[in-house]
Amino acid sequence: MKTFEYTIKDEVGIHARPAGLLVKKAKEFTSVIKVTKGEKSAEATKLMALMSLGVKSGETVTVSVEGADEDNAAAEMEKFFQENL
Amino acid sequence: MNYKSLAATILENVGGKENVKSVVHCATRLRFALLDAEKANTEVLSKTSGVLKVVNAGGQYQIVIGPDVPQVYQEVVALGGFESSAAISDPETEKDDKRSPLSKLLEGIASIFQPVIPAITGAGLLKAILALCITFHWIDNASQTYMILSALSDSAFYFLPILLAQSCAKKFKCNQGTAMALAGFLVYPSFISLLKEAEAVTLFGFLPITKATYTSSVIPIILGVWFMSYVERFVQKYCPKAVKFFFVPFFSLLIGGVVTISALGPIGAWLSDLIQIFFTWLKNVAPWLVPTVVGIFSPLLVMTGTHYGLIPIGTNNLGTVGHDAVVGPGMLVSNTAQGAAGLAVAVRSKDPEVKQLASSAGLTGILGITEPVLYGVNLKYTFPLYAAMIGGGVGGLFLGITGVERFGAGSPGLLVLPVYLPTEEAKALGFTMSNFTFAILGVIIAMLVSFISCFIMYGIWAKKGKIAGEVAAPVQTKDDKKIYAPIAGEAVALDTIQDEVFSSGAMGKGIAIIPAEGKVYAPCDGTISTFFPTGHAIGIETGHGADILIHVGMDTVKLDGKGFLPKVKEGDKVTRGQLLLEFDMEYIKSQGYSVITPVVITNTDDLKSVTPMAAGKVTMDTEIIGIEE
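Chains as they are written, first to last, in our numbering: chain A, 1 to 85; chain B, 1 to 629.
Hints were generated in silico from the structure; no laboratory data involved. Among the hints, a few may not be true.
One side of the interface only, derived from the structure: several residues of chain B facing chain A at Cβ under 7 Å [claimed, not checked]:
{"hint": "1", "residue": "Pro266"}
{"hint": "2", "residue": "Ser529"}
{"hint": "3", "residue": "Thr602"}
Glycine included, each C-beta is placed from N, C-alpha and C at the ideal position.
Use the sequences and the hints to build the structure in full.
Structure, rendered in structure tokens:
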């Protein structure tokens, strides 16, 4: 399992658009990707759950990646976060 | 809405008038045939305030405006110098025309009056002010000032047939100039004198012409232009091309004119005679019923011009015995009731233009001039007319029972109340101040009943979705597994949305709705799983497998909540039809954002199938998405 932390730079947080793109990206991989904010956690492929986390600007999330392609997936996901959030 | 500037913006962004082959319109859309659709700035147009959405389909570049598309169309045609065409029917919004023939007739008359309403409203107001000045003796009714202002304020009413003729010609699709000439003939001074003074009038020595009054009339010219349109089309068809140009109007006028004065116009005069006979009989049988019946039916009489059968009875009474209970009291309560109904509409309507029209027309109606409120409001919506008839009836009954009479003439309305004060002769006959008091009471009763009835009826009609601009509230039902439209408006395919994240289906399968109003209702039962703090997106977990995301507008998260008013919060359990969010469409659009609202099933991958089920106009009772688990 690979994990990384990321602090949201986007001033609006994880809103519909980036959430949708995130879900799209996460679906490319076979690994199970989870996004955790504090106590709450959501699978990166579940749009509604992701948005329910209510991640705002400046908040830090932990992203965990577990699966066969976790090395590649984790790197790609981190890159995605940096570019979009 | 500023039609001119909207038209200019649209024309500019479809590539300019050079890029337009032709343009027509239907009930809600402008439909352009463009030379090169690529030149059009769809993005800019979609975000333009006043444009609901843009559709490029079937070789037509369509811009959805809404019900006032005819006005925008006029401006576009004027700006671009295009050939103007009559509205075409809208294939996408075919709705069964379930209206009764009577409603269609009344609404037809109301629509003919539409272009004339501003003129009679303004003139009506002037008339009312003039009457006020006379009542308070600020102006002498023998003065030149009065004569001039009186003519100015009365012209719209006197020459009403001519004003209406143009509108009729558009409706019946015939030449406007010829129609107006026909109307002009009906009110031609020497023709009027002839009808008035001659014993009997015949045409060509044998054709009897009824002695009717056509000034201020409505029905004769509508019938006349309607008939004339058939003559015109007939001659157009069978006339040789070389002489068509002058023969068509020649025959239209000749045949149209003769038939109108010999057959059509007199229909009204004949009905007036019947009315007179009826009321004379009623007065002898049950005099207290007369103001009641007059109170109820006065608007219908005025509309058909048959009140001319009634008025002479009143004038005669005043001339002989000095008092009248047949015409005065009934029309007094009827007119004030009509004004009150108009005011009720003004209070309840949310449309600023309607509010303005209804309040000014309602006011002049109360003062005694009812044409603006009758044709501009009451007839248009029909239920205010019913309310006025109820109010007039109740008020009339009161006046009938209390035996109220008038002692002078005047346009029935608040301003005429002084004629209910007993004169010296009246006092000698036994009338007292109570006559005046009861008259006032009758008016108050009529106005209150009319206002309250109209106020209540407005709510009922609005709920049923019968009032333009007022969207019906949805029926709230439990345990309904279907997914209905959360917003009333127009449904379009998700892939037409400019934003790739939605159009690609990344957010899930679904549908998009162009809102008709700024209200989001729950599309089905469920729990609010997400309500963005910015209020622009709602996530609902239905109890039965689907997660629905309603995202109002594109990029509207950037508005940071401005223009959005959430009505529920995260975690709330909601039932289908419950109001979830209100948003200010105009504000959002003015900030440059599109209000198109995708409604997607975010867990599409977990379901067997997600199928959009609607296209075109949707209400809260339209199923929009079908789910298979």
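Right, here's what the structure says about each hint:
no. : hint   : result
1   : Pro266 : violated (69 Å)
2   : Ser529 : holds (5 Å)
3   : Thr602 : holds (4 Å)
Hint violations for this structure: number 1 only, all remaining hints satisfied.
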